[in-house]
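*Asks:* Here the protein sequences come in this chain order: A and B.
For the first sequence, the numbering used here gives the first residue as 1, with consecutive numbering after it.
For the second sequence, the numbering used here gives the first residue as 1, with consecutive numbering after it.
Certain hints may be false.
In silico lysine to aspartate or glutamate, DMTMM-like type, Cα no more than 25 Å apart, as pairs [stated by the list, open to error]:
no.: 1; chain 1: B; residue 1: Lys134; chain 2: A; residue 2: Glu142
no.: 2; chain 1: B; residue 1: Lys73; chain 2: B; residue 2: Asp373
no.: 3; chain 1: B; residue 1: Lys134; chain 2: A; residue 2: Glu167
no.: 4; chain 1: B; residue 1: Lys283; chain 2: A; residue 2: Glu112
Hint data in this document are derived by calculation from the structure and do not stem from the laboratory.
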Amino acid sequence: MSPSLCVTVRLTSPPLVTLGGVSKREGKKMGLLSILRKLKSTPDQEVRILLLGLDNGGKTTLLKQLASEDISHITPTQGFNIKSVQSQGFKLNVWDIGGQRKIRPYWRNYFENTDVLIYVIDSADRKRFEETGQELAELLDEEKLSGVPVLIFANKQDLLTAAPASEIAEGLNLHTIRDRMWQIQSCSALTGEGIQEGMNWVCKSVNSKKK
Amino acid sequence: MKLNRFLIRYYPPGIILEYETRGQQRIKSIDLLHLTPETNPDELLEEIRQSERLITESRAEQVKQLILRLQQKLGQQDHHRFCFCKELKAHILPLTNVAFDKSGSRFITGSYDRTCRVWDTASGTELHKLEGHKNVVYAVSFNNPYGDKIATGSFDKTCKLWCAETGKCFHTFRGHMAEIVCLAFNPHSTLVATGSMDATAKLWDVESGKEVATLTGHTAEILSVYFNTVGNQLVTGSFDHTVAIWDVATGRRIHTLIGHIKEISNVQFNWDCSLIVTGSMDKTCKLWETVSGKCVATLGGHKEEVLDVCFDLSGQHVATASADGTARVFSATTHECLVTLEGHDGEVSKVCFSPQGGRVLTASSDKTARLWDVQTGVCLHVLEGHTDEIFSCIFNYEGNTIITGSKDNTCRIWY
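Using the sequences provided together with the hints, build the complete structure.
*Replies:* Listed below in structure tokens is the structure:
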């Protein structure tokens, strides 16, 4: 549980960037029925985004940052969180799925109808690069995710020990991905830096896929 | 025809007759939906005798005693306070729906962890873990009143039928092309109806495990299936904005109920099968006459989507739950809004009546469930403790135990 120290330190830094392009948070539409509504194959202007990655990678912080919500009290996700945000004419329905080892086998519950996969990596947690690489490789082999564009967020760049995106890309052999569009983006879910650029790429890839 | 014996049914009030005709055992029900503690039992007895030849002079006193017992039970009403709560760390992922058996001694929970679990209500111990589905277990049901079988509908596109006693899987119903999100046993427990995101509903034979019929016609996801009390009709509600009534024997569509202008959230028959209630994302609830398929009332007032709707067991009241954070109770006869239940700090996604009809239970994204008095609209109790939104809430048959299922991976027993 070493990262807890880092979190304390990081919380003191103020947000550097506000997310100008992502706006107008949708009203909180929950309940089982709204989950079903978001489950169905999405019409043209709706995009289903799956947010995956190891535990403590910063998925929920990223999600809350996208929705302009308070990120000071985030606990490990035991199930999932869903938020909808508007961006560039799209309604992005983002599903943040818990990343703890015991619940990773259940990621496939959520694969159906995914338009874009966002994979979040803790760039400072070098000890788990191998583990996160394996999980990503397995996801890319999933039939239900075949051809789905993947954005890799090299998160926690606000930490001094963070590996740069280029190093992570090389470590994960991203250049060998041939069957889909992919992109790696360095970011800090805490400060918001880099997130907008990543989401721009998401919208671009959806645009080219849905046309 | 020979009358063998009487059975009593408390909720809704009724007397069941077991009789023999041409050597065959039959049952019929005398529904006393409007019975109150104030009803004159002698006048009622006379009324029953005039319409029911099986009740002869020698049986009259027995029937009167049953009426008095029903009245006594009604007089007790539902004063239960629900002061105690037991938390069960039921699943490793969020719960979906929950269901009781008839006696309330057991209940079942569905979950994103792909299992359905059977629980002993009194002790809170897990009796069985029903494993085998390959995706979220979304819809769950006992075959009440029997309670010896359980059906589970899953996002893996299959429905499974289980033995409630042993946890053994009897059948896997395959055929739907998308997630199964609703299901129901018919009253005789010979059929299971499933509704799917593939826009069809299917009927399955409980005994053989074979598909009996596919109900096609909806053009979008089916969210709700409900048998009438007799079991000869099924109603389905769809995201295509329409509702359909089906003849169970032939699988043919009898009526399409058109009028809502957005997705349907839930559908139900009332007890005497004369009316259907529907809730919709168009912020209204409608009442329809079963025979004609005509809309008889539009119950408005909600400022956001109606997410759930139900009748009380006697069919006198309708309750609605809305994304506007309120619930409402309407008269099913005058169509008037009787009370608005205000207090939740988030949308209300589920609503149900106590079996006695005097209480309404609501579940909300504000992490609480609330108990309300139907007459006054007063909130009697806030069921607090869940750490994430509540997806489902139910009463047991006696009305003295509540189960809530939450996104926080737990369920709670309130008694």
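*Asks:* So, for every hint listed, does it hold in this structure?
*Replies:* Cross-check of the supplied hints:
Taking the CA atoms of Lys134(B) and Glu142(A), the gap is about 15 Å. The hint holds against a cut of 25 Å. A distance of roughly 18 Å separates the Cα atoms of Lys73(B) and Asp373(B); the hinted pair therefore holds under the 25 Å criterion. For the suggested pair Lys134(B) and Glu167(A), the alpha carbons sit about 37 Å apart, so the restraint of at most 25 Å is broken. For the hint pairing Lys283(B) with Glu112(A), the CA-to-CA distance comes to about 29 Å; that exceeds 25 Å, so the pair is violated.
The structure is inconsistent with the numbered hints 3 and 4, although it conforms to all the rest.
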